[in-house]
Amino acid sequence: ETGVTQTPRHLVMGMTNKKSLKCEQHLGHNAMYWYKQSAKKPLELMFVYSLEERVENNSVPSRFSPECPNSSHLFLHLHTLQPEDSALYLCASSQDPGRGSSPLHFGNGTRLTVT
Amino acid sequence: LAKTTQPISMDSYEGQEVNITCSHNNIATNDYITWYQQFPSQGPRFIIQGYKTKVTNEVASLFIPADRKSSTLSLPRVSLSDTAVYYCLVGDWNAGNMLTFGGGTRLMVKP
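Top to bottom, those sequences are chains A and B.
Counting in the working numbering, the first sequence runs from 587 upward without gaps.
Counting in the working numbering, the second sequence runs from 10 upward without gaps.
No wet-lab data here; the hints were simulated from the structure.
Just so you know, these numbers come straight off a predicted model, no measurement behind them.
Treat the hints loosely; a few may be bogus.
[To be verified] Here chain B is said to cover these stretches of chain A; the calculated rule only asks that three of the stretch's residues, wherever they fall, bring their Cβ under 8 angstroms from a Cβ of chain B:
{"hint": "1", "segment": "625-632"}
{"hint": "2", "segment": "691-698"}
[Claimed, not checked] Calculated cross-link-like contacts (lysine-lysine; reagent style DSS-like; alpha-carbon spacing at most 27 angstroms):
{"hint": "3", "chain 1": "B", "residue 1": "Lys12", "chain 2": "A", "residue 2": "Lys627"}
{"hint": "4", "chain 1": "B", "residue 1": "Lys78", "chain 2": "A", "residue 2": "Lys627"}
{"hint": "5", "chain 1": "A", "residue 1": "Lys605", "chain 2": "B", "residue 2": "Lys119"}
{"hint": "6", "chain 1": "A", "residue 1": "Lys608", "chain 2": "A", "residue 2": "Lys627"}
{"hint": "7", "chain 1": "A", "residue 1": "Lys626", "chain 2": "B", "residue 2": "Lys63"}
{"hint": "8", "chain 1": "A", "residue 1": "Lys626", "chain 2": "A", "residue 2": "Lys608"}
{"hint": "9", "chain 1": "B", "residue 1": "Lys63", "chain 2": "B", "residue 2": "Lys78"}
{"hint": "10", "chain 1": "B", "residue 1": "Lys119", "chain 2": "A", "residue 2": "Lys626"}
{"hint": "11", "chain 1": "A", "residue 1": "Lys627", "chain 2": "B", "residue 2": "Lys119"}
Even for Gly, the Cβ is constructed at its ideal location relative to N, Cα and C.
All chains, full assembly: derive it from the sequences and hints.
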């Protein structure tokens with residue numbers, strides 16, 4: 587059971603498709619995050635939204651586009667992905683934006699496969 | 010950036026105490042130390058957090074020496090269900106450090 591809900595749980599898409607991942611947090615938190623977890627690699631922070639301000643990891647390709655319409659919802663728009671983008675995409679939220687003292691609460695992720 | 014180093018894997022048996030150490034030599038003054046547990050196909054779950062000395066909750070204890078350059082997660086009397094990957098996280102992006110996870114420690118608990 588989690589206060590962070592991600593949909594869909596599984597997604598298969600072709601390289602020319604456009605899809606979106608959705609995340610919703612029911613915890614009243616002020617910050618939301620996207621992480622990528624590839625096989626045998628550490629969790630990689632992709633994007634952070636904090637009080638409507640976006641903090642971006644510069645190494646994220648432009649084919650990944652986040653959107654945060656309000657403090658409870660976060661989207662990751664995907665287009666023209668590559669097979670190496672196949673991974674588990676995790677959404678997280680925290681009470682205080684980005685503070686190390688504010689634990690992250692994760693959803694169970696979307697398992698993305700790019701064919 | 011407070012990079013962390015943990016053992017890649019550990020084995021234990023049911024009922025034993027397990028200690029997992031994380032090194033973070035360049036931890037900053039404002040950084041907290043947070044540990045997470047992750048099961049396959051699930052998101053990481055918060056276990057415990059500390060800043061200095063010792064912290065204990067119903068699940069684990071966290072020991073942090075005075076120099077804060079390392080920390081040890083202690084799991085008392087582990088069971089098979091504690092088999093998971095454990096991550097140590099140090100950082101505070103408000104200070105310019107992204108909340109970056111290390112490689113984690115894969116704990117295998119055997120009967």
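- request: Verify the proposed pairing of Lys63/B with Lys78/B, using a straight-line Cα cut of 27 angstroms.
  value: Since the Cα atoms of Lys63/B and Lys78/B sit roughly 14 angstroms apart, the hinted pair holds (cutoff 27 angstroms).
- prompt: Regarding the pair Lys119/B and Lys626/A, is the alpha-carbon distance no greater than 27 angstroms?
  reply: 22 angstroms, holds
* Compare the distance between the alpha carbons of Lys626/A and Lys63/B with 27 angstroms, and conclude whether the hinted pair is satisfied. => 31 angstroms, violated
Please verify whether Lys12/B and Lys627/A have alpha carbons no more than 27 angstroms apart. Distance of about 15 angstroms is within 27 angstroms: holds.
Next on the checklist: What's the verdict on Lys605/A and Lys119/B, does the C-alpha distance respect the 27 angstroms limit or exceed it?
Outcome noted: 42 angstroms, violated
Does the alpha-carbon distance linking Lys626/A and Lys608/A stay inside the 27 angstroms limit?
Judged against 27 angstroms, a Cα distance of about 25 angstroms means the pair holds.
| query | Is the Cα-Cα distance between Lys608/A and Lys627/A 27 angstroms or less? | reply | 23 angstroms, holds
Practice task
Between the segment 625-632 of chain A and chain B, see if three or more residues pass the 8 angstroms beta-carbon test, and mark the coverage as holds or violated.
Solution key: holds (count 3)
Report task. Given the hint that Lys78/B pairs with Lys627/A, test it: the Cα-Cα distance must not exceed 27 angstroms. Result -> Satisfied, since the Cα-Cα distance of roughly 24 angstroms is no more than 27 angstroms.
Open item on the list: So if I understand the rule, the pair passes when the alpha-carbon distance is 27 angstroms or less; does Lys627/A with Lys119/B pass?
Closed with: Satisfied, since the Cα-Cα distance of roughly 25 angstroms is no more than 27 angstroms.
### Task
Three residues minimum, CB to CB under 8 angstroms: does the segment 691-698 of chain A make the cut for coverage by chain B? Let me know.
holds (count 6)
Violated hints, listed in ascending order, are 5, 7; each of the other numbered hints is respected by the structure.
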